[in-house]
Amino acid sequence: MKAMVYRGPYKVRVEEKDIPRIEHPNDAIVRVERAAICGSDLHLYHGMMPDTRVGSTFGHEFIGVVHEVGSSVRNVKPGDRVMVPFNIYCGSCYFCARGLYSNCHNVNPNATAVGGIYGYSHTCGGYDGGQAEFVRVPFADVGPQTIPDWMDDEDALMCTDALPTGYFGAQLGEIVEGDTVVVFGAGPVGLYAAKCSWFMGAGRVIVIDHLDYRLEKARTFAHAETYNFAEYDDIVVQMKKATDHLGADVAIDAVGAEADGNLLQHVTSAKLKLQGGSPVALNWAIDSVRKGGTVSVMGAYGPMFSAVKFGDAMNKGLTLRMNQCPVKRQWPRLFEHIRNGFIKPNDIVTHRIPLEHIAEGFHIFSAKLDDCIKPVIVPDTAREGTSR
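The numbering used here numbers the first residue of the sequence shown as 1463 and each following residue consecutively.
Just so you know, these hints were derived from the structure itself, not from any lab.
In silico DSSO-like cross-links for lysine-lysine, where the CA-CA straight-line distance does not exceed 27 Å:
| # | residue 1 | residue 2 |
| --- | --- | --- |
| 1 | 1753 | 1771 |
| 2 | 1702 | 1753 |
| 3 | 1778 | 1753 |
| 4 | 1830 | 1806 |
| 5 | 1778 | 1703 |
Turn these sequences into a full structure, and let the hints guide you.
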(Lines of atoms letter the chains of each structure in order from A and count residues from 1; the text may use other names and numbers.)
(Lines give C-alpha, C1' and ligand atoms only; values in the text may rest on other atoms or scores of the structure.)
Protein backbone atom coordinates (compact mmCIF):
# COMPACT_ATOMS: atom_id res chain seq x y z
CA MET A 1 0.00 0.00 0.00
CA LYS A 2 0.99 3.66 -0.30
CA ALA A 3 1.61 5.51 2.92
CA MET A 4 3.06 8.79 4.12
CA VAL A 5 6.43 8.12 5.75
CA TYR A 6 8.41 10.42 8.07
CA ARG A 7 12.08 10.84 7.13
CA GLY A 8 13.09 13.57 9.58
CA PRO A 9 12.04 17.14 10.39
CA TYR A 10 10.36 18.77 7.38
CA LYS A 11 10.86 15.57 5.36
CA VAL A 12 7.92 13.34 4.50
CA ARG A 13 7.23 11.28 1.40
CA VAL A 14 4.97 8.55 0.08
CA GLU A 15 6.41 5.03 0.09
CA GLU A 16 5.19 1.48 -0.33
CA LYS A 17 4.58 -0.29 2.99
CA ASP A 18 3.05 -3.65 3.81
CA ILE A 19 -0.70 -3.59 4.34
CA PRO A 20 -1.14 -3.90 8.11
CA ARG A 21 -2.31 -7.25 9.41
CA ILE A 22 -4.52 -8.40 12.23
CA GLU A 23 -2.29 -8.65 15.31
CA HIS A 24 -4.95 -9.27 17.94
CA PRO A 25 -8.44 -10.82 17.75
CA ASN A 26 -10.01 -7.42 18.47
CA ASP A 27 -8.20 -5.58 15.64
CA ALA A 28 -9.74 -4.29 12.45
CA ILE A 29 -8.06 -3.23 9.24
CA VAL A 30 -9.64 -0.13 7.69
CA ARG A 31 -9.24 1.00 4.09
CA VAL A 32 -8.84 4.74 4.40
CA GLU A 33 -11.15 6.93 2.31
CA ARG A 34 -10.38 10.31 3.84
CA ALA A 35 -7.63 11.50 6.18
CA ALA A 36 -6.56 14.94 7.30
CA ILE A 37 -3.45 16.82 8.31
CA CYS A 38 -3.93 18.21 11.82
CA GLY A 39 -2.20 21.24 13.26
CA SER A 40 -0.66 18.94 15.88
CA ASP A 41 0.82 16.86 13.02
CA LEU A 42 2.95 19.89 12.32
CA HIS A 43 4.62 19.48 15.73
CA LEU A 44 5.80 16.07 14.50
CA TYR A 45 6.71 17.45 11.08
CA HIS A 46 8.80 20.20 12.68
CA GLY A 47 10.61 17.77 15.01
CA MET A 48 8.93 19.03 18.19
CA MET A 49 7.65 15.70 19.56
CA PRO A 50 10.14 13.33 21.24
CA ASP A 51 10.63 9.81 19.85
CA THR A 52 9.14 10.48 16.42
CA ARG A 53 10.89 7.71 14.53
CA VAL A 54 11.95 7.58 10.90
CA GLY A 55 9.57 5.34 8.98
CA SER A 56 6.49 6.31 10.99
CA THR A 57 3.19 7.08 9.29
CA PHE A 58 1.28 10.06 10.67
CA GLY A 59 -2.45 10.68 10.71
CA HIS A 60 -4.89 10.57 13.62
CA GLU A 61 -7.89 11.90 11.69
CA PHE A 62 -9.35 9.37 9.24
CA ILE A 63 -12.47 7.57 8.09
CA GLY A 64 -12.81 4.53 5.86
CA VAL A 65 -14.31 1.16 5.11
CA VAL A 66 -13.69 -1.90 7.28
CA HIS A 67 -11.55 -4.26 5.22
CA GLU A 68 -10.98 -7.09 7.71
CA VAL A 69 -11.76 -7.84 11.36
CA GLY A 70 -10.27 -10.08 14.02
CA SER A 71 -12.10 -13.10 15.35
CA SER A 72 -13.52 -11.38 18.45
CA VAL A 73 -14.82 -8.19 16.79
CA ARG A 74 -18.60 -7.96 16.97
CA ASN A 75 -19.57 -4.30 16.58
CA VAL A 76 -18.22 -3.67 13.07
CA LYS A 77 -17.89 -5.92 10.03
CA PRO A 78 -16.19 -5.80 6.60
CA GLY A 79 -17.89 -3.26 4.37
CA ASP A 80 -18.97 -0.92 7.19
CA ARG A 81 -18.13 2.75 6.68
CA VAL A 82 -16.58 3.92 9.94
CA MET A 83 -15.23 7.01 11.64
CA VAL A 84 -12.35 6.37 14.03
CA PRO A 85 -11.60 8.63 17.02
CA PHE A 86 -7.96 9.65 17.35
CA ASN A 87 -7.84 8.05 20.81
CA ILE A 88 -6.78 4.40 20.99
CA TYR A 89 -8.35 2.96 24.13
CA CYS A 90 -9.35 -0.34 25.67
CA GLY A 91 -12.75 0.67 27.04
CA SER A 92 -12.34 -1.20 30.33
CA CYS A 93 -9.46 0.22 32.41
CA TYR A 94 -9.86 2.59 35.39
CA PHE A 95 -9.76 5.66 33.14
CA CYS A 96 -11.91 4.35 30.29
CA ALA A 97 -14.57 3.33 32.82
CA ARG A 98 -14.76 7.03 33.76
CA GLY A 99 -14.99 8.26 30.17
CA LEU A 100 -11.35 9.39 30.08
CA TYR A 101 -10.62 7.54 26.84
CA SER A 102 -7.66 9.78 26.04
CA ASN A 103 -6.00 8.60 29.27
CA CYS A 104 -6.38 4.83 28.73
CA HIS A 105 -3.86 2.88 30.79
CA ASN A 106 -3.57 -0.19 28.57
CA VAL A 107 -2.52 1.09 25.15
CA ASN A 108 0.77 2.91 25.65
CA PRO A 109 4.01 1.91 27.43
CA ASN A 110 4.23 5.61 28.39
CA ALA A 111 0.72 5.50 29.83
CA THR A 112 1.63 7.65 32.86
CA ALA A 113 2.01 10.55 30.41
CA VAL A 114 -0.67 9.98 27.76
CA GLY A 115 -2.90 7.31 26.23
CA GLY A 116 -2.55 5.95 22.70
CA ILE A 117 -2.88 8.12 19.59
CA TYR A 118 -2.73 7.04 15.96
CA GLY A 119 0.36 8.22 14.10
CA TYR A 120 1.73 10.36 16.90
CA SER A 121 5.19 9.09 17.77
CA HIS A 122 6.29 6.38 20.18
CA THR A 123 5.61 8.81 23.01
CA CYS A 124 1.95 8.09 22.26
CA GLY A 125 2.31 4.35 21.73
CA GLY A 126 4.08 4.01 18.39
CA TYR A 127 0.98 3.26 16.30
CA ASP A 128 0.97 3.99 12.58
CA GLY A 129 -1.67 6.47 11.50
CA GLY A 130 -4.20 6.92 8.75
CA GLN A 131 -2.32 8.97 6.16
CA ALA A 132 -2.13 5.75 4.17
CA GLU A 133 -4.34 3.44 2.15
CA PHE A 134 -4.88 1.07 5.08
CA VAL A 135 -4.55 1.32 8.86
CA ARG A 136 -4.75 -1.13 11.76
CA VAL A 137 -7.40 -0.18 14.31
CA PRO A 138 -6.91 -1.85 17.72
CA PHE A 139 -9.86 -2.41 20.08
CA ALA A 140 -12.22 -2.22 17.12
CA ASP A 141 -15.24 -2.97 19.29
CA VAL A 142 -14.91 0.24 21.31
CA GLY A 143 -13.31 2.87 19.04
CA PRO A 144 -14.79 2.97 15.52
CA GLN A 145 -18.40 3.86 14.88
CA THR A 146 -20.45 3.38 11.73
CA ILE A 147 -20.95 6.70 9.93
CA PRO A 148 -24.64 7.68 10.05
CA ASP A 149 -26.32 7.57 6.63
CA TRP A 150 -27.25 11.25 6.86
CA MET A 151 -23.71 12.45 7.62
CA ASP A 152 -21.34 13.74 4.94
CA ASP A 153 -17.95 12.00 4.80
CA GLU A 154 -15.94 15.14 5.44
CA ASP A 155 -18.19 16.08 8.35
CA ALA A 156 -17.50 12.61 9.78
CA LEU A 157 -13.78 13.15 9.23
CA MET A 158 -13.85 16.40 11.20
CA CYS A 159 -15.58 14.47 14.02
CA THR A 160 -12.54 12.22 14.53
CA ASP A 161 -10.55 14.99 16.25
CA ALA A 162 -10.78 18.67 15.34
CA LEU A 163 -14.48 19.30 16.04
CA PRO A 164 -14.72 17.26 19.25
CA THR A 165 -11.49 18.84 20.49
CA GLY A 166 -12.83 22.34 19.88
CA TYR A 167 -16.12 21.42 21.55
CA PHE A 168 -14.24 19.89 24.47
CA GLY A 169 -12.18 23.07 24.80
CA ALA A 170 -15.35 25.11 25.18
CA GLN A 171 -16.73 22.50 27.57
CA LEU A 172 -13.63 22.60 29.78
CA GLY A 173 -14.04 26.37 29.97
CA GLU A 174 -17.18 25.80 32.06
CA ILE A 175 -18.87 28.62 30.16
CA VAL A 176 -22.02 29.98 31.73
CA GLU A 177 -24.66 32.15 30.11
CA GLY A 178 -23.35 35.56 29.14
CA ASP A 179 -19.64 34.79 29.59
CA THR A 180 -16.99 36.52 27.51
CA VAL A 181 -14.76 33.89 25.91
CA VAL A 182 -11.43 34.62 24.25
CA VAL A 183 -9.93 31.96 21.98
CA PHE A 184 -6.23 32.09 21.14
CA GLY A 185 -5.65 30.61 17.69
CA ALA A 186 -7.89 30.57 14.60
CA GLY A 187 -6.82 27.21 13.26
CA PRO A 188 -9.41 24.42 12.94
CA VAL A 189 -9.62 23.66 16.68
CA GLY A 190 -9.80 27.34 17.59
CA LEU A 191 -12.53 27.95 15.02
CA TYR A 192 -14.56 25.06 16.36
CA ALA A 193 -13.97 26.14 19.97
CA ALA A 194 -15.22 29.62 19.14
CA LYS A 195 -18.29 28.29 17.32
CA CYS A 196 -19.09 25.81 20.10
CA SER A 197 -18.72 28.47 22.81
CA TRP A 198 -22.04 29.89 21.60
CA PHE A 199 -23.64 26.47 22.20
CA MET A 200 -22.54 26.71 25.84
CA GLY A 201 -24.23 30.10 26.28
CA ALA A 202 -21.39 32.56 25.70
CA GLY A 203 -22.49 36.17 25.39
CA ARG A 204 -19.37 37.27 23.57
CA VAL A 205 -16.68 35.35 21.67
CA ILE A 206 -13.31 36.84 20.71
CA VAL A 207 -10.68 35.13 18.53
CA ILE A 208 -7.01 36.17 18.40
CA ASP A 209 -4.54 35.23 15.66
CA HIS A 210 -2.06 36.96 13.37
CA LEU A 211 -3.19 35.62 10.00
CA ASP A 212 -5.89 37.77 8.41
CA TYR A 213 -7.42 34.96 6.34
CA ARG A 214 -7.94 32.84 9.45
CA LEU A 215 -9.44 35.79 11.33
CA GLU A 216 -11.83 36.33 8.42
CA LYS A 217 -12.90 32.68 8.77
CA ALA A 218 -13.44 33.24 12.49
CA ARG A 219 -15.81 36.09 11.66
CA THR A 220 -17.80 34.23 9.00
CA PHE A 221 -17.77 30.68 10.44
CA ALA A 222 -17.73 31.30 14.20
CA HIS A 223 -19.38 34.77 14.22
CA ALA A 224 -16.63 36.00 16.53
CA GLU A 225 -14.97 39.33 17.17
CA THR A 226 -11.37 39.18 16.01
CA TYR A 227 -8.05 40.79 16.86
CA ASN A 228 -4.75 40.48 15.01
CA PHE A 229 -2.13 40.42 17.78
CA ALA A 230 0.53 41.69 15.35
CA GLU A 231 -1.30 45.01 15.19
CA TYR A 232 -0.99 45.72 18.92
CA ASP A 233 2.00 46.43 21.15
CA ASP A 234 0.49 44.18 23.83
CA ILE A 235 -2.53 42.01 23.04
CA VAL A 236 -3.12 41.36 26.77
CA VAL A 237 -3.53 45.09 27.40
CA GLN A 238 -5.90 45.27 24.43
CA MET A 239 -7.98 42.39 25.84
CA LYS A 240 -8.23 44.18 29.18
CA LYS A 241 -9.42 47.33 27.40
CA ALA A 242 -11.98 45.29 25.47
CA THR A 243 -13.40 43.71 28.66
CA ASP A 244 -13.91 46.71 30.94
CA HIS A 245 -10.37 46.22 32.27
CA LEU A 246 -11.40 43.03 34.06
CA GLY A 247 -10.42 40.34 31.58
CA ALA A 248 -12.40 37.60 29.87
CA ASP A 249 -14.34 35.03 31.89
CA VAL A 250 -12.86 32.14 29.93
CA ALA A 251 -9.72 31.84 27.82
CA ILE A 252 -9.07 28.90 25.49
CA ASP A 253 -5.55 28.06 24.29
CA ALA A 254 -6.06 26.41 20.90
CA VAL A 255 -2.48 27.04 19.71
CA GLY A 256 -0.07 24.91 21.68
CA ALA A 257 3.58 24.18 21.16
CA GLU A 258 4.50 26.50 18.30
CA ALA A 259 2.84 29.75 19.26
CA ASP A 260 4.23 32.91 17.67
CA GLY A 261 4.27 36.28 19.40
CA ASN A 262 7.46 36.11 21.46
CA LEU A 263 10.74 35.56 19.61
CA LEU A 264 12.70 34.23 22.62
CA GLN A 265 10.03 31.71 23.54
CA HIS A 266 9.62 30.59 19.93
CA VAL A 267 13.37 30.12 19.43
CA THR A 268 13.97 28.24 22.69
CA SER A 269 11.05 25.90 22.05
CA ALA A 270 10.55 25.45 18.30
CA LYS A 271 14.17 25.91 17.23
CA LEU A 272 16.40 24.85 20.13
CA LYS A 273 13.91 22.32 21.59
CA LEU A 274 14.64 23.54 25.13
CA GLN A 275 10.96 23.60 26.03
CA GLY A 276 8.02 21.28 25.46
CA GLY A 277 6.43 24.08 23.51
CA SER A 278 6.26 27.84 23.22
CA PRO A 279 3.95 28.93 26.06
CA VAL A 280 3.14 32.32 24.51
CA ALA A 281 -0.56 31.63 23.88
CA LEU A 282 -1.00 29.94 27.25
CA ASN A 283 0.64 32.83 29.08
CA TRP A 284 -1.50 35.31 27.16
CA ALA A 285 -4.54 33.29 28.18
CA ILE A 286 -3.48 33.40 31.84
CA ASP A 287 -2.92 37.15 31.66
CA SER A 288 -6.08 37.92 29.63
CA VAL A 289 -8.60 36.12 31.81
CA ARG A 290 -10.14 37.84 34.82
CA LYS A 291 -9.32 36.90 38.40
CA GLY A 292 -11.23 33.75 39.29
CA GLY A 293 -11.67 32.88 35.62
CA THR A 294 -11.00 29.66 33.74
CA VAL A 295 -8.28 28.74 31.26
CA SER A 296 -8.92 25.77 28.97
CA VAL A 297 -5.91 24.26 27.20
CA MET A 298 -6.52 22.43 23.91
CA GLY A 299 -3.23 23.23 22.22
CA ALA A 300 -0.82 20.29 22.14
CA TYR A 301 2.41 20.48 24.15
CA GLY A 302 5.29 18.05 24.46
CA PRO A 303 6.29 16.40 27.74
CA MET A 304 9.29 18.66 28.42
CA PHE A 305 9.39 21.75 30.65
CA SER A 306 7.63 24.89 29.44
CA ALA A 307 7.98 28.37 30.98
CA VAL A 308 4.35 28.83 32.00
CA LYS A 309 3.35 31.74 34.25
CA PHE A 310 1.99 29.46 36.94
CA GLY A 311 2.52 32.00 39.73
CA ASP A 312 0.23 34.46 37.97
CA ALA A 313 -2.40 31.76 37.55
CA MET A 314 -2.19 30.85 41.22
CA ASN A 315 -2.33 34.40 42.50
CA LYS A 316 -5.28 35.25 40.24
CA GLY A 317 -7.21 32.22 41.54
CA LEU A 318 -7.60 30.74 38.09
CA THR A 319 -8.96 27.32 37.23
CA LEU A 320 -6.79 25.57 34.62
CA ARG A 321 -8.44 22.65 32.83
CA MET A 322 -6.82 20.56 30.11
CA ASN A 323 -6.62 17.15 28.49
CA GLN A 324 -6.54 15.38 25.19
CA CYS A 325 -10.15 15.15 24.07
CA PRO A 326 -12.02 11.89 24.79
CA VAL A 327 -13.57 12.02 21.32
CA LYS A 328 -16.31 9.44 21.46
CA ARG A 329 -17.79 11.03 24.59
CA GLN A 330 -18.55 14.16 22.56
CA TRP A 331 -20.19 12.46 19.59
CA PRO A 332 -23.84 12.17 20.72
CA ARG A 333 -24.18 15.92 21.34
CA LEU A 334 -22.16 16.90 18.27
CA PHE A 335 -24.17 14.60 16.02
CA GLU A 336 -27.33 16.38 17.12
CA HIS A 337 -25.79 19.81 16.46
CA ILE A 338 -24.71 18.68 12.99
CA ARG A 339 -28.01 16.99 12.14
CA ASN A 340 -29.96 20.06 13.26
CA GLY A 341 -27.82 22.33 11.10
CA PHE A 342 -26.21 24.31 13.91
CA ILE A 343 -22.73 23.53 12.60
CA LYS A 344 -21.38 22.28 9.26
CA PRO A 345 -17.95 20.86 10.13
CA ASN A 346 -16.52 20.70 6.61
CA ASP A 347 -17.03 24.45 6.12
CA ILE A 348 -13.44 24.88 7.31
CA VAL A 349 -11.94 22.44 4.77
CA THR A 350 -9.91 24.42 2.23
CA HIS A 351 -7.74 21.84 0.44
CA ARG A 352 -8.24 18.31 -0.87
CA ILE A 353 -4.91 16.70 -1.70
CA PRO A 354 -4.14 13.27 -3.22
CA LEU A 355 -2.10 11.05 -0.91
CA GLU A 356 0.80 10.95 -3.35
CA HIS A 357 1.14 14.75 -2.98
CA ILE A 358 1.03 14.76 0.81
CA ALA A 359 4.55 16.26 1.09
CA GLU A 360 3.26 19.32 -0.74
CA GLY A 361 0.21 19.32 1.52
CA PHE A 362 2.40 19.42 4.64
CA HIS A 363 4.43 22.26 3.15
CA ILE A 364 1.33 24.29 2.25
CA PHE A 365 -0.19 23.77 5.69
CA SER A 366 3.05 24.39 7.58
CA ALA A 367 3.94 27.55 5.67
CA LYS A 368 0.32 28.82 5.74
CA LEU A 369 0.25 29.12 1.96
CA ASP A 370 -2.82 29.52 -0.26
CA ASP A 371 -5.02 30.52 2.71
CA CYS A 372 -4.88 26.93 3.97
CA ILE A 373 -6.98 26.19 7.06
CA LYS A 374 -7.70 22.45 6.88
CA PRO A 375 -6.25 20.03 4.30
CA VAL A 376 -7.96 16.70 3.59
CA ILE A 377 -5.98 13.78 2.14
CA VAL A 378 -7.58 11.45 -0.42
CA PRO A 379 -5.89 8.07 -1.10
CA ASP A 380 -5.99 6.52 -4.58
CA THR A 381 -8.09 3.65 -3.25
CA ALA A 382 -10.80 6.09 -2.20
CA ARG A 383 -10.85 7.88 -5.55
CA GLU A 384 -11.13 4.55 -7.34
CA GLY A 385 -14.02 3.41 -5.15
CA THR A 386 -17.25 5.06 -4.18
CA SER A 387 -17.30 7.94 -1.74
CA ARG A 388 -20.03 10.33 -0.77
